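Trainee: Whole structure, please, built from the sequences with the hints as guidance.
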Amino acid sequence: MKRNSLLVLVGLLVAGLFLLLQVLFTVREGEVAVVTTFGKPERAIKEAGLYVRWPWPVQRIYHFDNRTHVVEGPFEETLTKDGKNIIVAVYAGWRIKEPIQFLERVGDADKAQRNLDGLLRHHKNATLGQFPFSNLVNVKPEEVRYEQIESQMLAAVQPEAASRYGMEVEFLGIRKVGLPESITQKVFQRMRSERDEIAVRYRSEGEAEAIKIRAQADSQRDQVLAKAEADAKRAKAEADAQAAVYFDAFKKDEEFANFLKKLESLQASLQSNATVVISAEYVPFDLLRGEGALPKKK
Numbered sequence: 005m006k007r008n009s010l011l012v013l014v015g016l017l018v019a020g021l022f023l024l025l026q027v028l029f030t031v032r033e034g035e036v037a038v039v040t041t042f043g044k045p046e047r048a049i050k051e052a053g054l055y056v057r058w059p060w061p062v063q064r065i066y067h068f069d070n071r072t073h074v075v076e077g078p079f080e081e082t083l084t085k086d087g088k089n090i091i092v093a094v095y096a097g098w099r100i101k102e103p104i105q106f107l108e109r110v111g112d113a114d115k116a117q118r119n120l121d122g123l124l125r126h127h128k129n130a131t132l133g134q135f136p137f138s139n140l141v142n143v144k145p146e147e148v149r150y151e152q153i154e155s156q157m158l159a160a161v162q163p164e165a166a167s168r169y170g171m172e173v174e175f176l177g178i179r180k181v182g183l184p185e186s187i188t189q190k191v192f193q194r195m196r197s198e199r200d201e202i203a204v205r206y207r208s209e210g211e212a213e214a215i216k217i218r219a220q221a222d223s224q225r226d227q228v229l230a231k232a233e234a235d236a237k238r239a240k241a242e243a244d245a246q247a248a249v250y251f252d253a254f255k256k257d258e259e260f261a262n263f264l265k266k267l268e269s270l271q272a273s274l275q276s277n278a279t280v281v282i283s284a285e286y287v288p289f290d291l292l293r294g295e296g297a298l299p300k301k302k
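Quick note, the sequence shown lines up with residues 5 to 302 if you use my numbering.
Calculated directly from the structure, the hints in this document are not laboratory data. Some clues are possibly wrong.
Unchecked claim - In silico DMTMM-like pairs for lysine to aspartate or glutamate, Cα to Cα no more than 20 Å straight-line:
no. : residue 1 : residue 2
1   : K115      : E147
2   : K180      : E81
3   : K50       : D69
4   : K101      : E147
5   : K50       : E33
6   : K88       : E164
7   : K50       : E108
8   : K115      : E172
9   : K237      : D226
10  : K101      : E46
11  : K180      : D69
12  : K101      : D114
13  : K115      : E151
14  : K216      : D226
15  : K85       : E154
16  : K115      : E35
17  : K180      : E151
18  : K115      : E164
Unchecked claim - Label pairs and their in silico Cβ distance ranges:
no. : residue 1 : residue 2 : range
19  : A248      : E213      : 17 to 25 Å
20  : Q220      : G133      : 49 to 57 Å
21  : Y95       : P184      : 17 to 25 Å
Computed from a prediction, not measured in an experiment: that's the story for all the values here. The C-beta atom is built at its ideal place from N, Cα and C for all residues, glycine as well.
Mentor: Next up, the structure:
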């Protein structure tokens with residue numbers, strides 16, 4: 005009897021657990037869910053938690069991963085505004101914005117990737133057709149417009165993805181840019197030509213600056229030489245004037261002038277404790293004998 009009661013209790017627990025599984029469901033973090041009643045979407049659940057439903061087949065739950073997905077478009081050719089052929093690949097990040105619309109229009113993530121890839125290709129070609137080739141490939145950084153191109157593509161894709169598929173495109177960018185082999189050589193030639201022009205301009209500016217510096221140096225040199233020459237002439241003139249004064253004085257008294265000359269020569273010969281052995285008959289040593297002494301005034 006006790007054994008039968010235990011089996012009944014276990015059966016009731018299993019039935020109760022099965023019933024709970026039929027009427028309860030969970031939505032995990034990073035997920036969204038759509039509840040359908042007899043196949044018709046009834047409500048969308050965007051918050052994680054435990055929820056109640058009618059058991060199958062009355063209601064059914066569709067779970068979707070709502071984390072950001074990344075789709076990468078193919079590397080394919082397109083035309084720029086000036087008719088140049090270029091190869092571009094773009095990427096985008098998306099997530100589910102409206103779960104019910106996403107379920108009705110798309111159904112699963114793989115189909116969403118394919119639909120978004122079609123949008124990216126369309127708007128990529130339309131947007132790049134509004135920009136010249138020089139906004140994509142240029143030796144001058146200020147001429148490149150990648151950010152503007154990406155922003156314009158994103159602004160075009162976002163509303164269409166939301167209205168058609170219930171998807172939110174969070175970011176979009178250019179993943180890779182290439183050139184067809186037919187125009188690669190022409191691009192390199194143009195880049196070399198532009199670089200050569202820049203080099204010629206820099207060389208010209210450098211030569212002009214060098215000429216300017218040399219001219220300034222020559223001018224400063226001439227000014228210094230002219231000043232030095234003028235100072236030398238002035239010093240010579242002053243010395244000549246002073247010498248003329250002494251010459252006039254010595255001319256008036258030649259004996260006194262000779263005496264001073266001998267005295268200067270004697271002083272120069274006997275300086276620094278010098279020892280001189282020489283006859284006192286030689287000038288200016290005759291002063292030591294008293295001869296050639298300071299002449300008396302008349």
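Trainee: For every hint, state whether the structure bears it out.
Mentor: Outcome of the hint check:
Pair hint K115 plus E147 does not hold up; C-alpha atoms about 38 Å apart against a cutoff of 20 Å. A threshold of 20 Å between alpha carbons decides the hint, and for K180 with E81 the separation of about 12 Å falls inside it, so the pair holds. With a CA separation close to 11 Å, the supplied pair K50 and D69 stays within the 20 Å bound. Between K101 and E147, the direct Cα distance comes to roughly 36 Å. Violation of the 20 Å bound is thereby established for this hinted pair.
A threshold of 20 Å between alpha carbons decides the hint, and for K50 with E33 the separation of about 9 Å falls inside it, so the pair holds. Proximity of K88 to E164 is assessed by CA-CA distance (about 28 Å); at most 20 Å being required, the pair is judged violated. For the suggested pair K50 and E108, the alpha carbons sit about 17 Å apart, so the restraint of at most 20 Å is met. Restraint check for K115 and E172: satisfied, since their Cα atoms lie roughly 15 Å apart, inside the 20 Å limit.
Pair hint K237 plus D226 holds up; C-alpha atoms about 16 Å apart against a cutoff of 20 Å. With a C-alpha separation of about 16 Å, the suggested pair K101 and E46 falls inside the 20 Å cut-off, and the hint holds. With a CA separation close to 28 Å, the supplied pair K180 and D69 exceeds the 20 Å bound. The suggested pairing of K101 with D114 holds, with an alpha-carbon distance near 16 Å, which does not exceed 20 Å.
With a C-alpha separation of about 29 Å, the suggested pair K115 and E151 falls outside the 20 Å cut-off, and the hint is violated. As the CA atoms of K216 and D226 are separated by approximately 15 Å, the hinted pair is consistent with the 20 Å bound. Restraint check: the Cα-Cα separation between K85 and E154 comes to about 16 Å, which is no more than 20 Å; the hinted pair holds. Pair hint K115 plus E35 holds up; C-alpha atoms about 18 Å apart against a cutoff of 20 Å.
Of the supplied pair hints, the one linking K180 and E151 holds, its CA atoms being roughly 14 Å apart against a limit of 20 Å. Restraint check for K115 and E164: the C-alpha separation of about 16 Å stays at or below 20 Å, so the hint holds. For the hinted restraint 17 to 25 Å between A248 and E213, the CB-CB distance of approximately 52 Å leaves it violated. Between Q220 and G133 the beta carbons are some 55 Å apart, a value that agrees with the proposed interval 49 to 57 Å.
Judged by the Cβ atoms, the range 17 to 25 Å given for Y95 and P184 holds: they are separated by roughly 21 Å.
Violated hints, listed in ascending order, are 1, 4, 6, 11, 13, 19; each of the other numbered hints is respected by the structure.
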